[in-house]
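Protein chains: 2
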Amino acid sequence: MTLRVLGVDPGLTRCGFGVVDVEPNRRATLAAVTVVGTGADVPLEQRLLTIATSIEDWLDRYQPDVLAVERVFSQLNVSTVMGTAQASGVVITAAARRGITVALHTPTEVKAAVTGNGQADKAAVTKMVTRILRLDASPRPADAADALALAITHAWRGSAASPRQEAGARSLTPAQQIWAEAQAKARRKG
Amino acid sequence: MTLRVLGVDPGLTRCGFGVVDVEPNRRATLAAVTVVGTGADVPLEQRLLTIATSIEDWLDRYQPDVLAVERVFSQLNVSTVMGTAQASGVVITAAARRGITVALHTPTEVKAAVTGNGQADKAAVTKMVTRILRLDASPRPADAADALALAITHAWRGSAASPRQEAGARSLTPAQQIWAEAQAKARRKG
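Chains R and Z are the protein sequences, given in the same order. When we follow the working numbering, the leftmost residue of the first sequence carries the number 18, and every step to the right adds one. When we follow the working numbering, the leftmost residue of the second sequence carries the number 18, and every step to the right adds one.
A couple of the hints might just be wrong.
[Said to hold, decoys possible] If you only want the chain Z side, here are some residues facing chain R, beta carbon under 8 Å, derived:
{"hint": "1", "residue": "V53"}
{"hint": "2", "residue": "E62"}
{"hint": "3", "residue": "V107"}
{"hint": "4", "residue": "G133"}
Derived by calculation from the structure, the hints in this document are not laboratory data. Note that beta-carbon positions come from the ideal geometry of N, C-alpha and C, so glycine has one too.
Only chain R is shown next, with the shape it has when bound in the complex (with noise of 0.2 Å):
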């Protein structure tokens, strides 16, 4: 049963949103990306309207099965904070709304998800994604690209592995991930 994740990197200038479906063999395709958002110059009410538009036509359009935002905190970027956090707020009141599971993971957690390795940078973060998507090109900005990460990342760490699993596989590779599933498949067949 494929599991559709869209995945909401929060922001007022830009906030991406990407729609994955992930299978149960943790094989991920692009369904739709995009970034949304307004210059600083447009009043706070109508940047979080945009916002809250957008994300309402997303879920209504894709129908997600799980809505992933990236976990925001306050000693990040303290200029724009505020405004990250209230973006994220009516991102996640869209999906409550609909009844959709929200899912918070932080920008560590997607990480390590997609890289392997917890403190890579956005080139990297932004490669796996292109590579794990099977892309002729990199999504861009990157904002795009963490979207897509975010929900990669809650497909492949809440998946329909056992528990015992799932733990075993927070600490893989995408690669070993995938290698680890197959054999997991394979077993079940033996």
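Here the structure of chain R is known, so what remains is to put chain Z in place on it, guided by the hints.
Showing chain Z alone in chain R's frame:
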């Protein structure tokens, strides 16, 4: 012409809503006040949805001319500030969706407007709100009084007074403001 302002002191656990009708002579009357919210044990998406449905209900029921929200700063109360920012984003979006003007005021502006002292404590704000609105008992909890103080602040700062009067009024105590307004009125009649 009476200005109806819905003041919101944002928060997930206690979100204060206060509706105040303010006449051109700055006389302010309580229309409604409440505190909504959920415990920290409730999932974030359900907490935000509670705030969203509550503010939507109040906007539709009380039809304010303006929504006045406390401006959230990231340096204050780090442990709860992200939830507060998320709640404020949801509230602001609900007003923007209805075409209702949104105004942000800092805690210092609110304290200065209602008590004449930007460093006033919560007890002083509650006491002045009780007096300004001619209430028999103080609004409780403090979040309710803060929401009303925000509404009063907005109406008094952004009143129909001329820009010159308004600029002067910003440094006056409420009593002085009422007196200044009465003087201006007498001048207009004379």
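Interface hint status, E62(Z) versus chain R (Cβ within 8 Å): 4 Å, holds
Chain R contact restraint for V107(Z) - C-beta distance below 8 Å: Nearest chain R Cβ about 5 Å off; hint holds.
Status of the V53(Z) interface restraint (C-beta, 8 Å, chain R): 14 Å, violated
Interface hint outcome for G133(Z) [beta carbon to chain R under 8 Å]: 28 Å, violated
Going down the numbered hints, you'll see the structure goes against 1, 4, while the others check out.
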